[in-house]
Amino acid sequence: MNAIAADRVWKYFGDYPALRGATFEAAPGACVALLGRNGAGKTTLLRIIANLSKPTRGEVTIFGEPAGGKTRERIGYLGHGIGVYDDLSAIENLTLFGQLMHVANPAAAAGAALERVGLGRVREGFAREFSRGMRQRLAIARAFLHNPEVLLLDEPFTSLDDRAIGVLHDLLRDALKNGATIVMSTHQIREAMELATQVALLERGRIVHSGPRTVEMLADPGWLYRKYEEKPQ
Amino acid sequence: MKRDLLAALFIARKDLRTEFRTKEALNAAVSFALVVLVLFSFAFDLERSELYDISGGLLWIIYLFAGSLIVNRSFTREVPNDCLDVLVASPVPAWALFLGKAISSFTLLMVVELVSLPFYGLFNNIIWMKTFWPHFGLMLLATWGITVTGVAFSAVTVNVRLRELMLPVLHYPLLIPLLIGAMEMSTALLRGDAVDNGPNLRLIVVFDAIFTSLSLYLIEFILVT
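Residue numbers (our numbering), protein chains in the order written: chain V, 1 to 233; chain S, 1 to 225.
Some hints here could point you the wrong way.
[Said to hold, decoys possible] With a Cα cut of at most 20 Å, we get these calculated SDA-like pairs of lysine to any residue:
no.	chain 1	residue 1	chain 2	residue 2
1	V	Lys70	S	Leu218
2	S	Lys23	V	Asp86
3	V	Lys70	S	Leu223
4	S	Lys23	V	Ser89
5	V	Lys177	V	Glu149
6	V	Lys70	S	Pro91
Because the hints were derived from the structure by calculation, they are not lab data.
Make the full structure from the sequences, and use the hints.
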């Protein structure tokens, strides 16, 4: 059974089809780099998988169950926004999300997660006082807090410095070791390719390529884009 | 079910904690209510008995306008940093999220109402203490009706550009039956009339029951589109 399966998913915003029959599968334990130019439909697809948006047509399943309802417990989502409250401290933010995600002993889990992303010393600081990179690290800690089986990450490397990228890489590697399935949309192809086991390319709402990451992709991050520019669909 | 109700309380506690820290909605609503009370007290030159005749109407108009400032913030509070996405993607069912928001807005609106009630009595020379407890019961029931419909429309308008304008346009017409009941009951209670408040009370209870059930059922379709 696939961890994630999107079957001929269409999504219209008014008359505009953001997704045009996107079909995509990820096996349990896979790390999928979801690539595509601006407006290709990456965020829309991730939002539908996270059940933040309903497809106009088609179906998304998580471990065989339709997205939504109980599948939410299995998902960790990091979108464009950091998803933390500016007027709560770092520890209050993570404790709250731990409680909502049904984490056993949320306060302890929140403290451990902050240590892990290097924010242990500022745990009582308000999120609004943090730098952009620190806020992104707090968001990463929030997304990983409940050890989700499926991680959906939309541009997770954005605004991270080298140290924070290292922290994120470590968290992603650990999650993969524990059997999590990861789908991350990104423009930072080099960082994503280091971890990816599978690569999917979205072009104007269609998945034009989905397959294992190859040596060519690792050596030349732009290779896949060039391949499909030469052979327009 | 128990876990979901607990989640609703966590969300309500979070909203109240952030509101009491920033006092964004609370300061605005209390100041607004007091300013309108002062203006009303100067606007009408009425006999004491006439003041009692319009007392329920005045009171609930103030509560309604102040309530708009409170309920408008309930889902708008989740807009910065896309926090609403995280809540919707979490295992918390939409109805529990809604319930948490309704509880926090209800608490805040009750605070505004309780703070402004003594000033209302003072500025308009109306004795409200004698019937405080029955009136408090009415406030609880009618405020829940205002809150539950307001929070539902706050969810509907959360992604609308002119949400501050849209919310009252959608919300106020729906509240007409509830407000008629609450205004008549308040006037009767403050005047000390020995009238049967049963029909108005039933109207308010039925309104609350219908719109609470509808909102809890429909909120998933409102939030995930």
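Sort out whether Leu223/S lies within 20 Å of Lys70/V, counting only the CA atoms. 17 Å, holds
Against the 20 Å threshold, does the CA-CA distance of Lys70/V and Pro91/S hold or violate the hint? 7 Å, holds
For the pair supplied as a hint, Lys23/S and Asp86/V, is the alpha-carbon distance within the 20 Å limit? Holds: Lys23/S and Asp86/V sit about 14 Å apart, inside 20 Å.
Given hint Glu149/V paired with Lys177/V - CA-CA distance at most 20 Å: 11 Å, holds
Need the status of pair Lys70/V, Leu218/S: alpha-carbon distance at most 20 Å? Holds. Lys70/V to Leu218/S sits at ~18 Å (cutoff 20 Å).
Taking 20 Å as the top limit, are the C-alpha atoms of Lys23/S and Ser89/V close enough? The given pair, whose Cα atoms are some 17 Å apart, holds under the 20 Å limit.
Checked against the numbered hints given earlier, the structure satisfies every one of them.
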